[in-house]
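K.L.:
Chain by chain, the residues run as shown.
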Amino acid sequence: MAAMRFRQAVVAALADEMRSDSRVIFFGEDVAEAEGPFKTSEGILEEFGPIRVRDTPISEMGFTGAAVGAAMMGLRPVIEIMFIEFLGVALDQVVTEAAKTRYLSQGSLSVPMTIRASVGSGLGFGCQHSQTLEHWFASTPGLKVVMPSNAQSAYSLLRAAIQDPDPVIVLEPRILYAERGEVDKNIVTHIGKAHLRVTGNDITIVALGQMVNVAEAAIKKSGTSADLVDLQTIIPWDREAVLNSVKKTGRLIVVEEAPLSGGWGSEIIAFVTSQLFSQLKSPPFRITTPDVPVPFNGGLEGRYAPTIEDVTRQILYALEKNDVPQPWWVLEGLTR
Amino acid sequence: MAAMRFRQAVVAALADEMRSDSRVIFFGEDVAEAEGPFKTSEGILEEFGPIRVRDTPISEMGFTGAAVGAAMMGLRPVIEIMFIEFLGVALDQVVTEAAKTRYLSQGSLSVPMTIRASVGSGLGFGCQHSQTLEHWFASTPGLKVVMPSNAQSAYSLLRAAIQDPDPVIVLEPRILYAERGEVDKNIVTHIGKAHLRVTGNDITIVALGQMVNVAEAAIKKSGTSADLVDLQTIIPWDREAVLNSVKKTGRLIVVEEAPLSGGWGSEIIAFVTSQLFSQLKSPPFRITTPDVPVPFNGGLEGRYAPTIEDVTRQILYALEKNDVPQPWWVLEGLTR
Amino acid sequence: MTTSLERRNSLYENDLACYERMVEIREFEKITNALFAEGSIRGTTHLAIGQEALTLGIASTLRAKDVVAATYRSHAIGLALGLSPESVLAEIMGKATGCCGGVGGSMHLCDTTVGLLPTSAIIGAGIPVAAGAALAFQVQKTDQVALALFGDGATNIGAFHEGLNLAAIWKLPVIFLCDNNVYGEYSRIDKTTPIEDLHIRAESYAMPHMSLDGMDIHAVRKGLAEAIERARSGGGPTLIEAKTYRFSGHSRADQGLYRPEGELEEWQKRDPLLVTEKDLISRNLITQEKIDSLKENMVAELTALAKKVADHPEPELSAMFSNIWT
Amino acid sequence: MTTSLERRNSLYENDLACYERMVEIREFEKITNALFAEGSIRGTTHLAIGQEALTLGIASTLRAKDVVAATYRSHAIGLALGLSPESVLAEIMGKATGCCGGVGGSMHLCDTTVGLLPTSAIIGAGIPVAAGAALAFQVQKTDQVALALFGDGATNIGAFHEGLNLAAIWKLPVIFLCDNNVYGEYSRIDKTTPIEDLHIRAESYAMPHMSLDGMDIHAVRKGLAEAIERARSGGGPTLIEAKTYRFSGHSRADQGLYRPEGELEEWQKRDPLLVTEKDLISRNLITQEKIDSLKENMVAELTALAKKVADHPEPELSAMFSNIWT
Ligand SMILES: Cc1ncc(C[n+]2csc(CCOP(=O)(O)OP(=O)(O)O)c2C)c(N)n1
Ligand SMILES: Cc1ncc(C[n+]2csc(CCOP(=O)(O)OP(=O)(O)O)c2C)c(N)n1
Ligand SMILES: [Mg+2]
Ligand SMILES: [Mg+2]
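Chains as they are written, first to last, in this note's numbering: chain A, 17 to 352; chain B, 17 to 352; chain C, 21 to 346; chain D, 21 to 346.
Hints are computed from structural coordinates only; laboratory data are not their basis. Using N, Cα and C, we set each Cβ at its ideal position, and we do this for glycine too. Check each hint, because a few of them may be wrong.
Stated by the list, open to error - If you only want the chain B side, here are some residues facing chain C, beta carbon under 8 Å, derived:
(1) M88
(2) G90
(3) Q109
(4) T117
(5) S124
(6) P181
Unchecked claim - To list a few chain C residues with every Cβ distance to chain A over 10 Å, as calculated:
(7) Y32
(8) L55
(9) T132
(10) L284
(11) E285
(12) V295
(13) N304
(14) E321
Could you build the full structure based on these sequences and the hints that come with them?
P.N.:
In structure tokens form, the structure reads like this:
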């Protein structure tokens, strides 16, 4: 057990994997000499040297593709995409090349690469640097996507991702990099497995990334007895864990840092509804961001992702009324 | 009224818009002199000339970005992306530039561009040329996405897209290009409005693109009385039309040419469930493709997208058992 | 209150006004840096201290109806093109009075009255966009030109390659202006790029190219004028590499400690303000006293402005839901 | 049954075997075209008739443990590297016996025993992938090299620019081989590209480059050997432009009617088969009779093969669910 910041847990996981597996290499923009724009690779170049740890040109398509090729040849490349939006210039290599390699080579090749990318709102980086964009990787058999919610899962999930034989995308909530937490290096997390952060009986709340912490605070604040499922892996998500919890509680809310339209939570709601329709005590629903770009202004951005207050309000409404609450922007008459 | 092929309806819509609005220009790979790899621009260069109709280098990022810039300056560019997968090398310009322009310019600029792209499975183009990929454009406030299902909607939706002041992506099911249909040029379709292809009372079936035709055939085959909602616009989809139909039928099935995981149908199911929970007579569910890359072999590809037989089976099961049928790959023990 | 367009027009044929604007930018960036340090600005900032001659050379050579696609390093080009310090600072501080109503922030400035397209925070994105604006001018048969302003590091992104090739084959009226300030974030350009003279990449597109002294406004104007003339007369695009130096760190709190000993000092000898001051004094257009008082007043003005902007109204919640779709 | 590796090894130091393989490719492509026309092949096909000297030059110069990232124009390079006509035709016809089990199709061939990575149907995608394979060889300190084979049109995509720059700055053991067959789909290269000699684009990366006669296997071998030697000895990447010509249409039923009168005929005078036959005859390695009978037999063999493959088993439904995730 050790207390460390989320970003230090990322460094520790990468360092431990590089120590135990010489096939692991690491590259990205300013990750070597500068040790990462978010200081997520402190000491990595120093310990592992310039052959295994490299700075790249500003060429996401180029170095993401290079990671794909290196992985095909047996290395375990880890690359850093500074802000997830930058994959918008390199998506082809991830979804159309890496994800199809095992299939087209009939298993004779695999792409054990890990893509780390910072995601999310809350720090005033504006509408081109504050999204989570999990949906870019949806509907792509062959890919796996995980998102840690604290230092422990940052450590365990990154190690699992690097060890995984398939391409894995690790979406790191940027706003959590500075957060401190306890890390037990012996805790092994498996990709595809959710973590039950809080246990209770009356309602199941599913969340991901920074929303897990928001949901936990809201559960406390509302004084409800809830299961809080930290999904951890978004693709493929842990259907069994969610179904088991909802079988117990009969109620489901998904808390998302993703827009009302197109957010990943719909899949959770739709799947659970199809499977457990008759066991649902009240309509399952989502608490999401509004359908807007992430605004820069602090006051506005503070309302963008679901807040503790608003999640609390919606949990209480759902339990009292057995019905679906309105989103705040409808209540406040801002949009339909 | 005139009978024409789907691809001819595309040509007709483009030509009519270019005749009535000199701001409309058109470019893409081999769309001018060669009149389009799928012959979707026959006669366009000849009629409108090389200033307004251009062949581009193989540079999707370059010419998509050029369309964004030209649109900002008041033109109405229409571009062709031969296969939707090619936007994997240009997505940034669509989702991070075009979709954010109105917002960042506080409405002083807009991006009235239209992106036409061929999509879908069924023609043996393999796993990198057969997907629909609507999800790439999800969760992106500022974008609109439509998908025609026959010659009429190919004509009407393309005209509406070109006239729309926002960036619109028109996903054209490649397999329908050769299909003939009646086209009434006076029928005006509005983006965001669904079309009720079939009306009935017992169940609501929502579909898109080539699946609309599959669903229609299955409804006939099963002899059920169903509402068939051709969504036409996937972003933003017609919530009102779907809710009204389900209020009437109390049952909902979505038929998708998209994978079980990540497909757009989950949003329809989740939204309707949250809104009409108490009015649902049976669990709503999706009929999707399996979570696999699109296989090349004809026999396998023939099973990839939902078939008339399988949709018929699932409709009948749902109505008889008031429950959710298993997908065929589970019944046949191929995967979980 | 003077408009952006008036501020822009005041620069033409007026070296003194250009110099004053350079001083304005210099002091504005310093104050921005201080405000960020004290926590009054959230997110990030990208300063252009040391590059004032480049932005003023652009602003005083392009016409106001020409358009510019620039980057997150936006304050300097914004002020040069005519945006008021108030509208820029207000945007950086997220105020309703900002040029983007406070929803954009430091990386996203826009003012169509002086041709500033929304600045993009994605490397290279503005390059094809500028080519597209030029395509519109070609189709509309106007004599406008578009200019893409981007950095040295941006010459390694695919959009640079595709944008230049497309502009060359279509002979578009666009100028690609590479601001080679020696660094891309914390990486010296030679660490990421195997050639020193970036402008020779134009040879891949049979495109005219040149390199110029980005610390001297006259050199910038001269090279730019030539490229603009070519573009307007149907001669197509030009790639210009302006040799400059980023005196400040890359962004936020970066101190630029990775820079080799003495490199900054070497470049500071050619500080564009010094270069311009020498020139103006030699031409008896200004005196050292005037320079000193000018700077003093500018600091005072901007300091007062910062206090004033701090009290500007925040955007309404409704701003978050506006200008997304029609 | 001979393995891919045996078929590959038979080519080394054996000009006659290389010629026979060229004939095999020529006749294979013709039969593929006929099968497509009669509807026995679904989807699409991309023939490389007229470019046999290039693929054989590659196959007989690279070692089997080196790797190749190629494109949808895959039959010729696949057969050259050693894949059997049976495994290639079976893949094109979607049979379980195809090199990708029938799930790939004409655009996607793969055989790791001779270094053929899954061919990509996305323009330029293989370029950074080849650089990445070379990165692995550099890190693993093996003496393997990677080769990216792509077309003239691909030199206008961003991945080309980024891949070459990255390989140059890291001095990776990779060869970028541009097959300039004059056309990208239906567009002549001069319609989309402002320069004629594509290899000069390497100057943007201070990368050695050359152009060579892609119709002459000796010229291909010579240029390639030089680049491979440089790569193996730590000298980094090379851009090679092979001047060839696509005798057939781009794909499927394309007749290539957009080509200028007489252009094809001009190039056919330098048909790589003719060039090689002249060479072999002059060296008394073969006679015209042998050539004629060789071609006859090849046609007979491949015609029989086509009938045989038509009866090969289709993949099980389970193939569709295999090899996706571990
Ligand atoms: C596609 C993309 N990749 C990476 C970044 C992160 N980034 C922001 S600024 C910057 C450095 C750019 O350097 P340069 O082009 O020289 O411009 P300068 O900052 O020096 O003005 C980088 C890598 C980005 N914004 N977009
Ligand atoms: C990113 C992308 N854009 C467009 C295409 C469609 N396409 C397939 S082949 C081709 C022409 C490529 O020409 P070239 O690079 O010269 O190779 P060749 O076909 O002549 O061998 C095009 C445009 C594609 N596959 N990928
Ligand atoms: Mg720079
Ligand atoms: Mg070609």
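K.L.:
Look at each hint and say if it fits the structure.
P.N.:
Hint check:
Given the 8 Å rule on beta carbons, the hint for B:M88 holds: about 6 Å separates it from the nearest Cβ of chain C. Nearest Cβ of chain C to the Cβ of B:G90: about 6 Å, under the 8 Å cut. The hint holds. Checking B:Q109 against chain C: minimum C-beta separation of about 7 Å stays under 8 Å; hint holds. Taking 8 Å as the C-beta contact cut-off toward chain C, the hint placing B:T117 at the interface holds, the least distance being around 6 Å.
This hint holds: B:S124 has a C-beta 5 Å from the nearest C-beta of chain C, less than the 8 Å allowed. With 8 Å as the threshold, the beta carbon of B:P181 comes within range of chain C, its nearest partner Cβ sitting at about 5 Å, so the hint holds. Here C:Y32 stays apart from chain A, with its beta-carbon at least about 32 Å from theirs, past the 10 Å limit. The claim that C:L55 is not at the interface with chain A holds, since no C-beta of that chain comes within 10 Å of its own (minimum 13 Å).
The Cβ of C:T132 sits about 18 Å from the closest Cβ of chain A, beyond the 10 Å cut-off, so the non-interface label holds. The non-interface label for C:L284 is consistent with chain A: the shortest C-beta to C-beta separation is roughly 17 Å, beyond 10 Å. For C:E285, the shortest C-beta to C-beta distance to chain A comes to about 22 Å, beyond the 10 Å cut-off, and the non-interface label holds. No beta-carbon of chain A comes within 10 Å of the beta-carbon of C:V295; the shortest separation is about 30 Å.
At the 10 Å boundary, the C-beta of C:N304 stays outside the reach of chain A, the nearest C-beta of that chain being 45 Å off. With 10 Å as the threshold on Cβ separation, the claim that C:E321 sits away from chain A holds: the shortest Cβ distance comes to roughly 25 Å.
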